[in-house]
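*Asks:* Each chain is listed here by its residues.
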Amino acid sequence: MAKTQYYVPVGPIHPALKEPIRVEAKVEGEKIVEVDVKRGFAHRGIEYMGMKRNAIQTLYLSERICGICSISHPYAFVVTAEKALGIEAPPRAQYIRTIIGELERIHSHILWLGVVAHEMGFDSLLFWTWKGRERLLDILELLTGNRINYSVFMIGGVRRDIKESHIKAIKDMISYYRTFNQEMKDVFLSDPVYKARTRGVAQLSKKMALELNAVGPVARAAGVRMDIRQDIPYDAYADIDVRAVVPQDIVGEARGDAYDITMVRLYEIDQSLDIIEYCIDELPEGKLMAIPNYVALLAKIRRTQGEAIGAHEAPRGEVIHYLKFDGKMDGPSVWKVIAPSYNNINTWAPLLLGAEVADIPIVVAYIDPCMCCNDRIAVVRDEDGRIIDPATLHRKAVEKTRKLREELGVRE
Amino acid sequence: MTPETLVYAFTFPVLGVFLGLVYKGIDRRFSARLTSRIGPPIRQPFWDVGKLLLKETVVPENAIAWIFNAMPIVSFAASMTLLLYIPFGVLKAPLEGYGDLVVILYLLTLQSLAMAIGGFASGSPFSSVGAQREMVLMMSYEMPLATVIIGFAVIYRSFSLTTIASTPVWGVAGPLAAMGVLLLLVALLAVTPAELAKLPFDIAEAETEICEGMLAEYSGRNLALFYLSDAVRGFAMAALEVVLFFPFTLTSILNLSLTGTAYYAVEALWFLFKVLVIYLLAITLVRTSFARFRIEQASRVFWVYVNIIALVGLALVWLGV
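Protein chains in written order, with my numbering: chain B, 3 to 414; chain A, -10 to 310.
Be aware that one or more of the hints could be misleading.
Chain A is nowhere near these chain B residues, computed Cβ spacing over 12 Å in every case [claimed, not checked]:
(1) Lys28
(2) Gly31
(3) Asn148
(4) Ala198
(5) Lys302
(6) Ala393
With beta-carbon atoms standing in for the labels, derived distance ranges [stated by the list, open to error]:
(7) Glu26(B) <-> Thr98(A): 28 to 36 Å
(8) Glu45(A) <-> Ala44(B): 27 to 35 Å
(9) Glu166(B) <-> Ile27(A): 58 to 66 Å
(10) Gly31(B) <-> Pro30(A): 35 to 43 Å
(11) Ala21(A) <-> Gly42(B): 53 to 61 Å
(12) Gln7(B) <-> Tyr87(A): 42 to 50 Å
Derived by calculation from the structure, the hints in this document are not laboratory data.
These figures come from a predicted structure and were not determined experimentally.
Each residue gets a CB set at the ideal place from its N, CA and C atoms; glycine is no exception.
Just need the whole structure built from these sequences, with the hints factored in.
*Replies:* This is the structure we're talking about:
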């Protein structure tokens, strides 16, 4: 008897998805036999907008790329812009940036833990973790004035200082989260149902992680020791010996499944707390901005010709920004963003194939996908700065291929 | 059929719907409090039903319309009939003598079956996956449920609920059989969330996986009927557990000498209290503290663990009687 095949459409609107993307799965009973991931439902054109504005405006625009980690993109942006402009942030500013970056990592990880619990119907855990996360948002509000979209980074520094009175609150928070994280570890890593639902689900081998270009906790859970903070240290990370958290260091082996990724995220919270503690204790004295005058900063940008690639290890993985200043405008003439979800979504199709329908939400959630991070338009300009339309771009590509073939002597 | 039976037959469903919705409201509120939320007001399920009844009833284009529309009615009718078989405290069940525990077993199955058939008839892939899961789940929990009922038949030599309710099982059974009955209680409590499609066994309706599964295509009046039958079934299942395992009357515990209206009022409130405690322990607490199982894990839980518990319980009961 031929088995009946159903076609289960997940998305663009589905309870398991918080943002639009489409997973088309053909199922036989519970088993997925064919899968197709379609992306491109969120068009915002932020890069294009950024190229029309000055660099400071673009920096705050970059905060709006991601809905949850509002510091990942500005962090990568300031690191890149400073590299391109040849300025260095004062040490105190660097430490403050690191503290805020790590606070953000903790809140993003706790948020993910809640979301993945919700995906398997464990709503009590969702409410509990999100309640525990509130304290961190309070600290972020204390330090920056906002709970989300902090607007505190600046090219060559930060805009707000950490005062003496804040330090006690941060230290209290650190001790609170040390206890809370221990409780979370006890719950997530030893709950039998959580274990039953995540062990062996979304299992990514080290080879597959490298082939599919996975980044961040997804790659680390598969045993790949990669972390921008360890490989290309910037700001305060240069003074701290940050080691990528991989499961083989914790339990001796890396299976790369959803359970391992939970473990990696839980232990990264500990690591972030250590980094914040170090930064608070060793906070250098000094000024906050390399160029405090915005007019002077914009004038410097207008004079600068140069380009740079910078990266920041966001909670989800590496965020890479490319900036080019052409010496004519006070903003970037080219701005290109690569977000971690762009790489990690590649893992969905191979992982879903052969999995069960019940695993779809966990596979979808385990990379902590962010659609608004990775859907954007690409603008290509010619030598005179005019935007090239798709037809011309296609023609030019064909011409170039033909030219290359002629040069190399390749025949059809 | 006596006029008394007719009065019962009309008042019980009305009362059943009212109590079912009130208990659902309390359940939602209690669950919210357990997870540090405020939760909806207790009358919220009434508003929900009212809203659903006002909404348009949509039938999907490729659904088999008559089956799709009939199944909510079948499910609602089954849950209403179920109520008539359960003795309400010291009152006799209205349909006493017209059926017994075996009929209850079938009526409980009929509701799940109606939902599964409705899901298949809707033609939606989510509903089809949900209906398949419901069938698998039903096959898994029917065996322990039947074992529990057989256990009672072994003790009382009868399937009649009124007989069971009038003499508490703990008095009839010897020490060995009492241990067996305790195991049967555990098995029945494990089956309860699956029977009512609540976490951790709401696999057939899994919201984040298949968008409420069998109910995905239902709306308006049809969904209201499923909602009502779900509420009534929750109350009936908890009431059944009370009747089977905790039929003690308050007057017998406290040695009160009440008569007439006072007696019936006190016993009714005592019965409702017992049902509420069972409801909150077996349904609300469980659904708040577990994650959803995968279907094959749920099957394993019932076929292996719950089945072993129920069969050992049955064996002890058989040896002890």
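*Asks:* Please go over all the hints and tell whether each is borne out by the structure.
*Replies:* These are the hints, each one checked on the structure:
With 12 Å as the threshold on Cβ separation, the claim that Lys28(B) sits away from chain A is violated: the shortest Cβ distance comes to roughly 10 Å. Interface exclusion of Gly31(B) from chain A breaks down, the closest Cβ pair being 7 Å apart, not more than 12 Å. At roughly 25 Å, the least C-beta separation between Asn148(B) and chain A is larger than 12 Å, which holds for a residue marked as non-interface. At the 12 Å boundary, the C-beta of Ala198(B) falls inside the reach of chain A, the nearest C-beta of that chain being 6 Å off.
Distance to chain A confirms Lys302(B) as a non-interface residue, since its nearest Cβ pair spans about 50 Å, more than 12 Å. The Cβ of Ala393(B) sits about 39 Å from the closest Cβ of chain A, beyond the 12 Å cut-off, so the non-interface label holds. Between Glu26(B) and Thr98(A) the beta carbons are some 35 Å apart, a value that agrees with the proposed interval 28 to 36 Å. Range check, Glu45(A) to Ala44(B): about 31 Å between beta-carbon atoms, so the 27 to 35 Å window is met.
In this structure, Glu166(B) and Ile27(A) break the distance hint of 58 to 66 Å, their C-beta atoms being roughly 38 Å apart. Range check, Gly31(B) to Pro30(A): about 42 Å between beta-carbon atoms, so the 35 to 43 Å window is met. Distance hint for Ala21(A) and Gly42(B): a CB-CB separation of about 38 Å, inconsistent with the stated range 53 to 61 Å. Against the hinted window of 42 to 50 Å, the Cβ-Cβ separation of Gln7(B) and Tyr87(A) comes to about 46 Å, which satisfies the hint.
The structure is inconsistent with the numbered hints 1, 2, 4, 9 and 11, although it conforms to all the rest.
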